[in-house]
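**Student:** Read off the chains here:
Protein chains: 2
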Amino acid sequence: MSLLVAITGWEPEPWAERFRRVMPGRNVHLLGESYDPAAIDYVASWKHPPRALANLPNLKVLFSLGAGVDHLFSDPGLPSAPIVRVVDSDLTARMSEYVVLHCLVCLRQQRRYDQQQRRREWIDDRLQPAAADMRVGIMGMGELGQDAAQKLAMLGFQVAGWSRTPRRSVHAEMYAGADELESFLRRSDILVVLLPLTPETRGMIDADLLRKLARDGAFGAPYLINAGRGGLQIERDILTCLDEGSLLGATLDVFEQEPLPGASPLWSHPAVTVTPHNAAMSSPETIGRQVAEQIAAFENGEPLKNIVDSARKY
Amino acid sequence: MSLLVAITGWEPEPWAERFRRVMPGRNVHLLGESYDPAAIDYVASWKHPPRALANLPNLKVLFSLGAGVDHLFSDPGLPSAPIVRVVDSDLTARMSEYVVLHCLVCLRQQRRYDQQQRRREWIDDRLQPAAADMRVGIMGMGELGQDAAQKLAMLGFQVAGWSRTPRRSVHAEMYAGADELESFLRRSDILVVLLPLTPETRGMIDADLLRKLARDGAFGAPYLINAGRGGLQIERDILTCLDEGSLLGATLDVFEQEPLPGASPLWSHPAVTVTPHNAAMSSPETIGRQVAEQIAAFENGEPLKNIVDSARKY
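Residue numbers (the numbering used here), protein chains in the order written: chain A, 1 to 314; chain Y, 1001 to 1314.
In isolation and in its complexed conformation, chain A is listed as follows (with noise of 0.2 Å):
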């Protein structure tokens, strides 16, 4: 009975060292180390190599250690056991950290006020919106997008949601499907992006989406924060965007490639805020205590919880 750790892009050793401490009667490997693969009944995974998980004839359940499950859909030889993602309430809750963090930044206008400080300059015009006169819409409804909402609503934030299907939430004003994605941005000033990665949304936030976004808000232009995939996104619109002034800043955690190119103007543009995708972290300790608990759940004869539709991916 073993447990392959897969993962490339972290320090795989945490992980690791996390699944032998939370599972003390299993065999924990890692990639590239020698192992049976017949013995391989269980892989935690996070953008593993392509085809390396192609000949793990007795592989039971294939765990994604982040939120995303778009980084397997992208390996051909992906093995055909069940999936399941990460749906972990600590992740939630640092997701929700960013995306207020970076939402109470533009409403507050820091960004204009570090710039301030750095001229020495003390200026307090009164021009000072409430949470209560900016309008927020998130893309993508699930586990991350409602609590998102619940804590901006809170804050006293104006929130709306959009999802592809029609969902509830007792926190924001709700649109559905492509027919409500215009009257969803058309309300919003502060466009917050949660979506999964999939073949529907890959490119979706260009440069006609982004010029539907509210113009009438307290700033006169919207601001885009992005703390899904980096695949959602099109950059160039975007910078076109920000140059001809329909959009008024940017929080970027994803990019369409990352690490982000020391090349790429996002780097430098005044009103881009550049995160290293550390919206929300995985965290061995709460993560592997999760997957843990799946496992012996799963052998005790209860049902997965989580599994990804493969023909949706996600």
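These are computed hints drawn from the structure, not numbers from a lab. Bear in mind the structure is a predicted one, so any value in this text is a computation, not a measurement. Accuracy of the hints is not assured; some may be wrong.
[As the list claims (entries may be wrong)] Across the chosen pairs, the derived CB separations fall in these ranges: (1) A:G245 <-> Y:G1142: 36 to 44 Å; (2) A:T240 <-> Y:G1142: 46 to 54 Å; (3) A:R312 <-> Y:G1245: 47 to 55 Å; (4) A:A296 <-> Y:A1132: 19 to 27 Å; (5) Y:P1259 <-> A:D216: 28 to 36 Å; (6) Y:P1270 <-> A:A296: 43 to 51 Å; (7) Y:A1176 <-> A:R211: 54 to 62 Å; (8) Y:Q1115 <-> A:R211: 27 to 35 Å; (9) A:L30 <-> Y:D1243: 42 to 50 Å; (10) A:Q150 <-> Y:G1262: 38 to 46 Å.
[Claimed, not checked] Covered stretches of chain Y (chain A as the covering partner; in silico rule of three or more C-beta atoms under 8 Å from a C-beta of chain A): (11) 1100-1107; (12) 1129-1138; (13) 1150-1161; (14) 1260-1269.
Cβ coordinates follow ideal geometry from the N, Cα and C atoms, glycine included.
Given chain A, put chain Y in place with the hints provided.
**Tutor:** The following block gives chain Y in isolation, referenced to the frame of chain A:
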């Protein structure tokens, strides 16, 4: 029946306009205009010049237009009429926006990521505490402190509050009085100062107090947020503590002298965020209406709300 608007530091005109709109039957005068002192029955003040209100024989109520009232007690010619201070839900919400924003800037190490962005560095190492790992301590648990405590707790922070006299809170572990101050400081990773400025609190945020804050938190040193009054802090001591490492950083909205002098080392200290005393700006819209409603109720024989205790000076 006349209202005198006695404001310095802010533009008085928008206030006078707002009062004229919400009290159509009443004369509204600005300080410096010609008016009959005996006709003034109400004053709306923010930092009025000393003795400017000394000869108003029929003054019934003095309204303070901001959250603090220390600006009034520095006037040796302060009239003996009851003083009513603003307790405004809009102002409270704005203060909580500010406090939550800067607690999240600290938690999410946004200043470090700002620096990395300037250097085009993509470093996503995994040391990222969650709000649940961070202990916020709020000094001053009146309307503002209670609201901030609720919102911080909802984001997952561990919140405690300290007040001069015992108070209760469902969102914060409470400490009271001089005896419990040190225990409160020892458990606080982020200190949020929302105290009123009184003879007892003046200069309270000094090196002695800052050195008692927690050193065993996620970042190894505590963070200070002062959104109360500049007179509470000893700026020389804040700089000393930053430079000796007993303080990680500080966000200051208020200063010993305002505007903050151009020569102050706070402007350019890499660990200090300076904002121009705008954490919670009084808005003529909401506060003008509140004052009009209080006057109408008072003239109907109802008791005044939020009267200042002139012995305690807040």
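**Student:** Indicate, hint by hint, whether the structure satisfies it.
**Tutor:** For each hint, the structure was consulted:
1. Distance hint for G245 of chain A and G1142 of chain Y: a CB-CB separation of about 42 Å, consistent with the stated range 36 to 44 Å.
2. Roughly 48 Å separates the CB atoms of T240 of chain A and G1142 of chain Y, a value that falls within the hinted 46 to 54 Å.
3. The hint said 47 to 55 Å for the Cβ distance between R312 of chain A and G1245 of chain Y, and at roughly 51 Å that hint holds.
4. A hinted range of 19 to 27 Å holds for the C-beta pair A296 of chain A and A1132 of chain Y, which are about 25 Å apart.
5. For P1259 of chain Y and D216 of chain A, the hinted distance range of 28 to 36 Å is satisfied, since their beta carbons lie about 33 Å from each other.
6. Look at P1270 of chain Y against A296 of chain A: about 48 Å separates their beta carbons, and that is inside 43 to 51 Å.
7. Here the CB-CB span from A1176 of chain Y to R211 of chain A is close to 55 Å, well matched to the stated 54 to 62 Å.
8. Look at Q1115 of chain Y against R211 of chain A: about 33 Å separates their beta carbons, and that is inside 27 to 35 Å.
9. At about 44 Å, the beta-carbon gap between L30 of chain A and D1243 of chain Y stays in the expected band of 42 to 50 Å.
10. Between Q150 of chain A and G1262 of chain Y the CB atoms are about 43 Å apart, so this pair conforms to the stated range of 38 to 46 Å.
11. With 5 residues carrying a beta carbon less than 8 Å from a beta carbon of chain A, the region 1100-1107 of chain Y meets the three-residue requirement, and the given coverage holds.
12. Residue count for the region 1129-1138 of chain Y with a Cβ under 8 Å from a Cβ of chain A: 3. That meets the three needed, and the coverage hint holds.
13. Counting residues of the region 1150-1161 of chain Y whose beta carbon lies closer than 8 Å to any beta carbon of chain A gives 4, which meets the minimum of three for the stated coverage.
14. Given a C-beta distance limit of less than 8 Å, the hint that chain A covers the region 1260-1269 of chain Y holds, as 4 residues qualify and 3 suffice.
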